[in-house]
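Since chain A is already given, all that's left is putting chains B, C and D on it; use the hints.
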Amino acid sequence: MAPPPAEPPRRRRPALGGLPRLALLLPTLVITALCFVIPLGLIAVYSFGTVNEVNFDVYFGWTTQNYHDFTSTLYLHTLARSVFLSLSTTLSCAVLGFIFAYYISRQPPRAQQLLLVAVIVPFWTSFIVRTYAWVDLLQNLGPIDRFARALGLHGHIDILYTPYSIAIGILYSYLPLMILPIYVSLERIDPALYDAAADLGATPFRQFRRVVLPHAVPGLIAGIIIVGVPALGEYVIPEILGGGKTLMAGNLLADQFLETGNYPFGSALAVTVMVVLMLLLFLLRRAQPAVEAQ
Amino acid sequence: MTATTTTTTPAVDLAGVEKQFGDLVAVRHLDLQIQPGEFFSIIGPSGCGKTTTLRMVAGFEDPTAGRVSVSGKDMTGVRPYRRPVNTVFQSYALFPHLDVYENVAFGLREARVGKAEVRVRVAEAISLVQLEGRESSRPRKLSGGQQQRVALARALVNRPDVLLLDEPLGALDLKLRTEMQTQLKDLQRSVGVTFCYVTHDQGEAFSMSDRVAVMNLGLLEQVGTPEDVYHRPASLFVADFVGKANRFRGRVTDGSAGVYTVDIDGIGSRRVPGPDGIPSGAEVVVVVRPENLRATPAESRNGLTATVIDAAFLGAVRTIRLQAAPLGELTSAAGGAGAAPAPGSTVSLTWDENHAWLIQAGD
Amino acid sequence: MTEHDALIDPLTRGALLKKAGAGALGLSAASLLAACGSSGSSSSSAGSSNVIAGQAILSNYPGWMGKHNLAAFHQKYPQASIKMISNATSSSAEVVLQFKSRQYDFLLSDTTDSGQAHAADLITPLDWSKVPNIQNISEKFRKAYPWGLPTDYGKVGIAYRPDLVGNATITSWHDLWELIPRYSGQTVFIDLERDCMGSTCKYLGFSSNTTDPGEMSKVQDAIVRVKPDLKAFLNTNVGAGLINGSTAMAMDWDYDVALLQQKNDKIKWVLPDEGVHAYLEGFTAVKNTSKIAVIQAFLNFLATPPQYADFVNTTGTAYMMPTATPLIEKSISKNPILVPTPAVLAKTEFDKYLGADGTTLWSNTWTAIKAA
Amino acid sequence: MNIRRHPVAAPLSLLILLFMWVPLIVVAVNSFNTQTIMAGWGGFTTHWYSLAWHNEDVRTGLKTTLIIAVASSVLSLFVAVTGALWWRRASPKARAVYDGLIFARIILPEVVFATALFFLFLKIHFSLGLTAIVIGHTVWNSAYAALIVQARMAGLDPALEEAAADLGATPWRAFRRVTLSALMPAIVVAGLLAFTFSFDDVVTSVFLQGASNSPLPVVILGMIRFRITPEINAIGLLVMLFTVTVMSLAVIFYATAGSLGRAGRRGSMLDMYR
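Residue numbers (the numbering used here), protein chains in the order written: chain A, 474 to 767; chain B, 10 to 372; chain C, 32 to 403; chain D, 259 to 532.
Simulated from the structure, these hints should not be mistaken for lab results. Keep in mind that the hints are not guaranteed to be accurate.
As the list claims (entries may be wrong) - One-sided and incomplete, this derived list gives chain D residues near chain C with beta-carbon spacing under 7 angstroms:
| # | residue |
| --- | --- |
| 1 | D315 |
| 2 | L414 |
| 3 | P416 |
| 4 | A417 |
| 5 | A469 |
| 6 | S472 |
| 7 | M481 |
| 8 | I486 |
What the hints assert, rightly or not - Computed footprint of chain D on chain B, listed as stretches where at least three residues anywhere in the stretch have a Cβ under 8 angstroms from a Cβ of chain D:
| # | segment |
| --- | --- |
| 9 | 78-90 |
| 10 | 96-108 |
| 11 | 291-305 |
Ideal Cβ placement from N, Cα and C applies to all residues, glycine included.
Just chain A, with the same shape it has in the complex (with noise of 0.2 angstroms):
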């Protein structure tokens, strides 16, 4: 089928009656300059500066001794750790969230509302008690503990203040963020489409990777930059269940303006994981539609 003409442009004519539609732009333009890209603009000078440490006065100035700071093996470490258990955490999260979110997209109607409700409720109660929670849950003579004894395993199920109690917690706290968009987008597959496919001879594993993934990569890349970029600056659940034993490059960062007040240093933290960051999501972008294709 031939593609649809290109006709001339259509008409612009205000999109709302008499406003303008750069007036639709406005609360946008008010919101992102006056309240992130100026203070922004703020950090990224403040990076180069340096600061007084009795009174925390910020001097600016064009010193790059914050970015030298940062490439100290120390700080590097840390980073890597943070990259990789964030990661890690993503990916399995986006494993379960895309298992949960398929079984929810082939229930009937009600049940899918039900199980969506099940999914957010949790999560309208405090998000420090429940972290605190997972301290109860995993502790050394915990619920998880005796029942992994009751039902005979040997040893402690001593998880508490581990890497992985730091990874089950970001897991618990951002699976809704990834079961959410997945969800969205399985649940655009109109049914027809399994039977249309197994009426053409497909495998129900081919089935779901020529039906099912290609229609879930959309929800897999909101999800996974959902919860990927926060798990990264993550400081309150390895604080709470990392028993200060692991540090993170979300707790580095926090350190910096929450606790000795270097804000240059914390300054160039933060400009420099927004641009690995930036780069990141930049290429996931590009990646994407070669991956649609697929």
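Here is chains B, C and D on its own, set in the frame of chain A:
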């Protein structure tokens, strides 16, 4: 350009309409009238201005110059929601959040039609397009053809003076398309609403339309019945756009009142019908449709012979590609029943005097 | 080419009114009232020093005040009141920012933070003639906290369950360090730079306010050596695991251990032989506050035995006013852990502000320990 | 593959559901626990509920949080919807810039952004407090909301409003009956998400609250500074009950209003998302 003179008020009257987008002229000085109850099509290639013309009738575009009237009332500058016309969009533009019933009822609710009447008229419209039982489905759950019919019912239920259709069959597959063409024509006959149909597919337009307008580069090239446009094209563009045409260059040596004597290059003098007013000595092109160009395996009596390149069997017809030494490649078509001429064989080409048409060259 | 730019400019009355205008968007009735309240009454309290009037804003831990302190104060001085804003801040950087933010008139602040704020010229010294009741506080605390009214302190010692460590006896930091590897994964340290490294200083025989890089590097080694055998660094419910036995030994604060002992009497408190490090907190007035009269009146009021007893009984902290002892609950006043005997105080070293270089040294050492 | 009866996927899905609910069960159980330091089960009590119920800090905190969450959700939706309307007819280049700014707002670590805004507000003498928190929340909430609304917008036929106008709807009515209604599922989801984020935020609130009352999460953070008692579990559970009730009422109201209105055949919220 032929402006049909009638006593009734035209359903659509475009007078001196022009449309520019910045530097781009989309429609140039267009005069066009569509009669009530007519199935009228506008055809032309991409970017010819046909959709822009339709959108000016609907009110989505304001003409840069000229006047748009619907049923005798001046509609220039009137907003779309105040015009007695409705549109079937190329993408259907069905409201995804409303079911079939509410989609169809949309215009009636906007017109504040009473509840009981809404029910009756929506039911009527839905049965007209044979979608009974799908009232509470969402558009996404319907097939392309069904969606197309919802779009049709949604527009027709408002009993518009004119129904505008913007390539409504473009997204359907070939079989469904032919089916829908018949249905559309039947539907138009039964409701009696004026249809203004835009398409780039001349076959589709010919099969349904009472009259056809051909546009190119923003200009109206010709208006007429499908037969007029096909057999008596007003320009070389029209001749080519609506079908395959064999062209022969020549000069008018004599003639008036619709039949001229033309000295055709490489063939000689022939009598050819054409429009009035071509002066003697004018450079012309003689157009002969393939089905009117007879190829007979015999020696030439009048000088035009050609070599068969190949033949293609298409069922009802067989087309033969020919090479005529000074004239280039030609095409002949004949009923599929006879035997195919062998490639490489020599044939003589003839046509009936009435089955050619003269177009003045140089335009 | 550097250009100096102080982060925070002084807030003028005009600026406050401007803020009020911005708040009039309608979302921030509370902040609007706060802004108006603090600027509107400034002239009256500054004008006549005899009338104690106006609302002073206090940044404080949630609930860190006697049940009846604020109401009683308002009853005594009907024109004056204290508005308490709960803050969960823990670091010097945050507290100093609060000093600079001009959102508050006085703050709960420890010796380190007030010391730093003092060095940065961010505090208003009190007129002690207006706070005569300060005499009720033991001298050692007054000396250590010269900027305002010291209210509470906490010693960092050792809590352990002898039954879980083979009935070993711990009397010193040295004993603790010896036992940690033997009972791997059963010891908890405090997750605060000053308390954790300060206690380690004591273990190594240094001052817990040392700024010697060589000493700090030994401190780092000492902690990193046992880190693999530690269960965790915690700053909340530090010793809770001692109750059910999931923790055997803990570096912990005195008041926390006093509470833990009520749940399980097998828990023992140790004031280590080498000495202990302690924090000391109090209320300090912010520079340029217009409510200094209200603050002084309040601190003087709080320093009376009944009010201070209310404060201690509500917060359950170790106290520092001997004359209040009869009014303080027995669980606190009779608890040897919490009573400040001269012998205990002799072993105690309070936090001090370490200066810019010292602070950086400590925080770098701490980061290195946590990253190890 | 029928996942509903798949031997691995179905039980695994139920396990995932359990995973999401187990902490909540722990919270619920502990809220009735007499053991004050959360080290095992001590016995049954409702003491913590009475404590939580009468805790003034919690009450004002909840009120503050609700005001902030509602205000920032509404503002975020306003920003997101107007932005998406603009985005729909913007040039590809302008769109790319707009999208980039959305992503930037999402990926910036919250603590950095909160500090930056804190510095800025101090510099321009903008009063810290509820307004400041609402603005702070709106900056990142509106980015998430924009992402969701925009995804829906991208799926909408650009000719929809023309179709509505063609059927007699004035621009305003076309906007309400078509554009807004077609976006509604995304708006509801984005609103819920914004509310949830804002309702539970600690970092931005801590920096920007100034001398105003603390929102609930900050109150809870303050409460656990030294000691965690089962009271926070009781608070957590009460808050959840409260939120669930408010949300249910909102959904019921939404459904009822829908069935009474002219476009009564819309069906349920999730149905529309289909």
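So, going through the hints one by one against the coordinates:
The interface hint given for D/D315 is met, as the beta carbon of that residue sits about 6 angstroms from the closest beta carbon of chain C, less than 7 angstroms. A distance limit of 7 angstroms between C-beta atoms decides the matter here; for D/L414 the minimum to chain C is near 32 angstroms, and the interface restraint is violated. Hint status for D/P416 relative to chain C: violated, with the closest Cβ pair at about 35 angstroms, above 7 angstroms. For the restraint placing D/A417 at the interface with chain C, the shortest Cβ-Cβ distance is roughly 38 angstroms, beyond the 7 angstroms limit, so the hint is violated.
Checking D/A469 against chain C: minimum C-beta separation of about 4 angstroms stays under 7 angstroms; hint holds. Of the supplied interface hints, the one on D/S472 holds, with its beta-carbon coming within about 5 angstroms of a beta-carbon of chain C, less than 7 angstroms. For D/M481, the interface hint holds, since its Cβ comes within 7 angstroms of a Cβ in chain C; the closest pair sits about 6 angstroms apart. With a cut of 7 angstroms, the hint placing D/I486 at the interface with chain C holds, because the nearest CB-to-CB distance is about 5 angstroms.
With 3 residues having a Cβ less than 8 angstroms from any Cβ of chain D, the segment 78-90 of chain B passes the three-residue criterion, so the hint holds. For the segment 96-108 of chain B, the stated coverage by chain D holds: 12 residues have a C-beta nearer than 8 angstroms to a C-beta of that chain, and at least 3 were required. Closer than 8 angstroms: that is the beta-carbon criterion, and the segment 291-305 of chain B has 0 residues meeting it against chain D, so the requirement of 3 is violated.
Hints 2, 3, 4 and 11 from the earlier list are contradicted by this structure; the remaining hints agree with it.
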